[in-house]
Amino acid sequence: MENYIWLIPALPFLGSLLLILFGTRLSRTAVAILGVGSVGISALITILLGLQFLSEKPAFYHQEVWQWFSVAGFNPSIAFHLDALSTVFIFVITFVGFLIHLYSTAYMADDSDFPRFFACMNLFVGSMLKLVMADNLLLLYLGWEGVGLCSYLLIGFWYKEPANGYAARKAFIITRVGDTAMAIGLFILFQTFGTLNIQTILTEAPEVWSVGTQMAVLVGLLLLGGAVGKSGQLPLQTWLPDAMAGPTPVSALIHAATMVTAGVYLIARMYVIFDLAPVAQLAVAIVGAVTLLLAGFSALTQYDLKRVLAYSTISQIGYMFLALGVGAWSAGIFHFMIHAFFKALLFLCAGAIILALHHEQDMRKMGGLRKRMPVVFWTFLIGAASLAALPVITSGFYSKDQILWYTLAGPQGSIWLYMAGLAGAFITSVYTFRMVFMTFYGEEKTHVAHPPGKVITIPLVILAILSLVSGFIELPHNFAHVALFSGLMAPVLPGITANELLAANEWMFQLIAAVISLGGVFVAYLFYQKSPALLASIENSSFAMALHRFWFSGWGFDALYDNLFVRPYVFLANLNKRDIIDSFYTGLAQMAEGFHVMFSQTQSGVLRNYVAGIVVGAIMILTISLLL
Amino acid sequence: MILLWMIVILMAGGLLAWLSKKWHPVLPRWIALFAVLTDFILAVYLWLSTPAATLGASPWLVQLEIPWVPQWGVNFILALDGLSLLMLLLTFFIGILAVLISWREIKVKTGFFHFNLLWVLAGITGVFLTMDLFLFYFFWEVMLIPMYFLIGVWGHANRNYAAYKFFLFTQASGLLMLLAILGLYFIHGSQNGNYTFNYFELLGTTLAPEAARLLMFGFLAAFLVKLPVVPFHSWLPDAHSEAPTAGSVILAGLLLKTGAYGLLRFVLPLFPTATVEFAPWAMLLGVVGIIYGAILAYSQTDLKRLVAYTSVSHMGFVILGVFAFNEWALQGVVMQMIAHGLSTGALFIIAGFLYERLHTRDIGQMGGFWAKAPKMGVIALVFVMASLGLPGLGNFIAEFLTLVGSWQANNWLTVFATIGLVLATAYSLRIMQKVFYEPAPTDHPLADLNVREMLIAVPMVVLILWLGLYPQPVLDTATPSINQQLQAYQELEVKEEKVAVVEEKAEEQSIKQTKRENTKVPL
Amino acid sequence: MNVSTMEAALLLAGVLFMLGLISVLIRRNVIFMLISVEIMLNAAGLAFIVAGSKWVQPDGQVMFIFILTMAAAEVSVGLALILQIYHQLKTLDSDAASFMKG
Amino acid sequence: MTQTDFLYLMPLIILTVAALVNMLVVAAWRNHKIIYVITAVSFVAAFLSLFELRGITAYTIDPLFVIDSFGVFYIGLILATSLLISMLSYAYFEQREEQKEEYYILLILSTLGACTLVISTHFASLFLGLEVLSVALYSLISYLRGREHSDEAGVKYLILAAFSSAFLLFGMALVYFSLGTMSFGGIAAAITDLPTLPLLLLTGFGMMIVGIGFKLSVVPFHMWTPDVYEGAPAPVTAFIATVSKAGVLGILIRFFMEVDGFRYPTLLTIFTIVAIASMIAGNLLALMQTNVKRILAYSSISHLGYLLVAFLAGNQMGVEAITFYLVAYFITTVGAFGVVAMLSDTERDAELLEDYRSLLWRRPWTATAFTAMLLSLAGIPLTAGFVGKFYILAAGVNTQQWLLVSMLVLNSIIGLYYYIKIIAVMFQQPEAEAEPRERLRPSIYLASVGTLAVLTLLLVLVGVYPAALVDAIQNIFSSAPAFVAK
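In the order they appear, the protein sequences are chains A, B, C and D.
The numbers in our numbering rise by one with no breaks, and the one at position 79 of the first sequence is 79.
Each number in our numbering comes from the position in the second sequence (counting from 1) with 628 added on.
Each number in our numbering comes from the position in the third sequence (counting from 1) with 1151 added on.
Each number in our numbering comes from the position in the fourth sequence (counting from 1) with 1253 added on.
Don't take each hint at face value.
Computed cross-link-like contacts, EDC-like style, restricted to lysine to aspartate or glutamate with a CA-CA straight-line distance of at most 16 angstroms [as the list claims (entries may be wrong)]: (1) A/Lys160 <-> B/Asp1071; (2) B/Lys1003 <-> A/Asp113; (3) C/Lys1252 <-> D/Glu1401; (4) D/Lys1674 <-> A/Asp113.
By construction, these hints were calculated from the structure, which means they are not laboratory data.
Extracted from the complex, chain A is given alone in its bound form:
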């Protein structure tokens, strides 16, 4: 089986290539079969491979397809390295990807650019797989930029609207800023280790760098730079809410489940560097904590269904960063997986709603959909519960609780980070259920045109089940103590031990988390269902309005960057449109012309002047010859 590893990314690439070349000439069914099928077979291979992996329990599978290039000892390959970490990722990518592809065949059915959509989606899946399977950082970088490209293409999928194009470019450029940092990190790594092979770096790094070495910190921070760009974390988070301009399946696949977690993958993959650079790791934790709060507040204020989900994604990835930052590697990855399920589910539900409401995304114009779309309601509710981490029954509870727990009890934990996490959990359940109440309860404001069909609901149901049950593979110590996931991760990522003093009272903290989450639901119920007037009275105060505006605009980051970077750059560029340096050369030319005019005055045509010229010359020559 491991000889077929290369097929996993190759199939989506092949599908994409075929769709690019022949897409316009194929029927819709053929396109759908090609697009969904390629990812489906990939998913199948992944599952088989995963089963083999679980039964054989090798350290990793490795396959080199070909040597990419080789220059003076720099020989990156197109080679795949499959260990537990990447297996989890490729499972999520192919499986969730397959469901979303399936869903898309219905969602995009009426779009005239059907083949293009699937070409881009397949390309994305291929690139994303390459990213997580790469055995060296350069190949990872290839996937990294490749998913960026697909993200750009899909955000701007409906290109005729200039705003979509703007959002697409914003996404690409801002992530590129992060990529630049990462590229510099790669330069340093290459300079230090003479290779970009991940495993080599991971084994050699502790020998070359001692803990806290400046270089290690620098590399850690630069990699973090790449990660925050891709994962929509502070300070490069501004592109993600705008990225919702793309079709909803795109948001589900790229901007919720997979691509945006590439940063998490990168940090987890390079954990040795961060182990060697505590400062960088702390920075990861702080970025995560701050981001999850800021994004949570912003999510509270949004009206656009997808934007709420977008901010929520930023916030949840913040949790993952927080986990990585405190050294709870496995917990971070676990949350990634769970999050992929429930966030994809939420987005797909949102997509179903949007489709049913003629592309209406404003929650204020929704309501009462519970009866109209029961399947969507129930699945959405499950997803929301998981996101809000309702205790015991949802998988979100287990993953988030694990993070919160290690944030406090882990060796690098801190009370401040824990408080931030708790606050975030509260806000999360508030905005989640705000969403639920606004959309599904109350009176019906927009008529549902056509309820979603089977192709749409089947993925929803599958994802809903996953959102409920997948948490059970990793249960807390005091709660049946299942550690399948962290056991799987153990060979790849270091484990974490909780503070023994606190560990005794773990149940107390679980209770706090449960209460917080339920409290959030209650608050949402209070404001949005029971007595909206209460909310209105608070909202009408001028301070609250200002705060609302501030949060609504994503804490003013867009305006800040606009004024700080974009406007000056565009201004400068337009100012110098005609190239100031050029005027230097035109000046030279004009000077020569001026001299010409001056000189041609002497050619007056008058004979006497010519005589005078000769006389002057004679005098000059005689003077020189007499003086020298």
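Got chain A; can you put chains B, C and D on it based on the hints?
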């Protein structure tokens, strides 16, 4: 001899194309196509018949030497190594494209047009092949005049101005190089009485630091203007935007590369110490070029001018890499020369396609073409992505290698150069946005690419992908010549190291030397 | 003649030369310009004679005869040209004949 | 005079006889064609007679002449150029109203003067040669009486030439006065012993420079050039630009080499200033000029400046460079004026830039030839002009005259602009189909077209394969030891 034939075929083909206009108006095109194709096949044959492994010891594959003006020590020396071979392949490939894209675009004086086209190519071929400095200057200038005509006769509205500017800039800088060549000639001659322009012999000239510096600046003048490096770039946007498509493609794809080639071939090995001294400044110029070009590109509204400024930006990488003096950077530079030749050439070709259909280059007049011409859109997308350095395409390998190399030489400048990649994203995406996505203010009918145009575009896409995914054949071909150019620097380094560890290694060396002497005996 | 007379004679030639030169400069009438040039030529001739007599050689006088011949030829062509100009412009003012310039 | 003297002076004698024969024929039977043939034949004969003198060592005809390989080469150059010019003249004069026959007599006489100049070793012969050249030129310049500016040009040239001759003569007189000899050898011998040059002698040299400078049309004695070039008939302009300058330059080189003037920094300074001023003024004056003949006039001023750079190198390589450059420059200039002559019509010469608009479309071959000539003037490879300029630069770099060399480079760039301007005008696409101008029978142009073709081919040949010419020139100087730097 095959080298001479390459040049002769082009020149003779040019004359024939000119004359054949009288017999049949289409004949010049076919003759030109045939001539370039023949050369391309010859070059490919040379490439395939010399596998990388045999390149080992001496980088030179083929050499030809005929006395020309023996009184001055001028010889007609043509020599081919991996670097030249790659450049030739690029030249003839782009040459074929240039003939093909002119098929419909050029309507007047087709005979003379193809004469000029082929002679430009011949001049460029000569530049890439000759190893005699006199001859080098000769070809250097020979390629300019036909180019001048290409711009001046078949260019767009403001062609005269652009043609003048191009000609004056390049000539002025070329003359400075001539001075430097002469200076080198006399210094070398006065040292050992052997007055010659032979590159191989001049390589061994020992120069006083002051003289080396001056002579290096002479050479640099020509190459930096041609490359071009800010602040000597101002001829480029005019020339590129006013030239006919074939002219722009040749300018961007080949002429700029002669500057880079000159840096590699002449400046590096001839003046090893002076270049090391100048390296930080040169790299600074490169970075300034990367960023300045990118900013200017962003603000342009004329599509061809925009692409022209991207060239300024991309060529910044070349000088950055050249002056990093290591194999990574130089391989990057070679890759950049090829990849940029293809990608920017392709962008100009697309601009040409659009101009043919719309008769405007103003991107304000364009928009929404994806719906009308999806094939063109996809191809444009590929090359826009190449121009912003997307991995998987040739430009990425080039830029990454260059940056990896330059990082070893200078961290801060590399950081700024890397930031240039972000700016590249900004201007590149602007092209896609304005031309293919955003709806246009006025609606034009627009035909998608026809078979001939696809025949031009598809090979370029394939090539740029190939370069991005499996560049090894190219890198292997270039390696021996790059090591040759770097030899002087490695010796310098070795010298420095030797000073440090001279005592420890004294014994070892003496053993090595005796070994060397032993090997010498049979010779 | 002793040396000082030689130099005085040379000085005379020089003065003559200068006079001719100045009058070429200040005269506008073409004929007068031609005459002034002739004066300069004759000054040169005089200088030759002085030099010849200084070195007691016939060469100076030979040169003088050459100069005379040449001057005659020149004047003849010159007068013909001046006649032409007068026909065309109805004036002998040299400043008038300044159509070509720039 | 002995019989051998006659043999050595054969070219001069042939020219003299030809002039006389022409006069007699004109008196008897005016016929353009016959005179033309006699002239051409006499040039060819004179040229062929030089082959007898190949590879001779210097033969002195005391005290006036010395016939050495240098002189022979220059005479050959002059004769060849005159022949080419006379070839171009036929069609040009055929369409004029004036009597054409005397033109050829004057042409022969002028050529004779120039030939005399280059073999002179004495002030007397110098003066004679110069004046024969000049007086014939006065008439040649204003030969087309009917044309507007011909007599203005003539009178300007006459007054100024006589004026500068006066300087030359007075300078000679002063030199003679101070040294007591007028032969170059004598002068050289007399001044080698002097530690410093006496004042009178320096003044004399200075005044001679004025005279020579005028003929060479270097700044500040250049002002007549554009007016005379414009006013004179195109073939005569070609003659002034080439033959008359070759003669004067030849004598200048001979004189300087003989007395080794390069020892005196004063003289070098003067020539350096003159050279730089000529380059700059010539090019700047031409920059925006719209009259092609005036452009060529100004360009000739700057080219003389370039030549002086090689001259100032003051060694054998410099003189070789000058000689090579002269050959290249003559081919080019005669070609350029040949084109002008070809395009001229009965009324006026084709001198305005307008006349050349879209020439490529009307007369592609002529345009191509003219383009080649202009590129050669600009010093672009594949043409003789490039090799010439290269030679000069090499001479300059060799002697490390960085100031001059950098001025040369700077000016070459300025110069490019106006050469290219003409080319650009010729290559412009025509707006409307131009009416063809009335022309004579094609057969009349046969000589002109042939000459132009030959010149263009020569231009390219020398540009591509200069080795033969270089070899020839180097041979001259290896067999003339006087010219090896002292």
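Structure-based check of all given hints:
1. A/Lys160 <-> B/Asp1071: holds (13 angstroms)
2. B/Lys1003 <-> A/Asp113: Roughly 13 angstroms between the alpha carbons, so the hint for B/Lys1003 and A/Asp113 holds.
3. C/Lys1252 <-> D/Glu1401: The given pair, whose Cα atoms are some 14 angstroms apart, holds under the 16 angstroms limit.
4. D/Lys1674 <-> A/Asp113: Given pair D/Lys1674, A/Asp113 is violated - Cα atoms ~54 angstroms apart, limit 16 angstroms.
Hint 4 alone, counting from the list given before, is not met by this structure.
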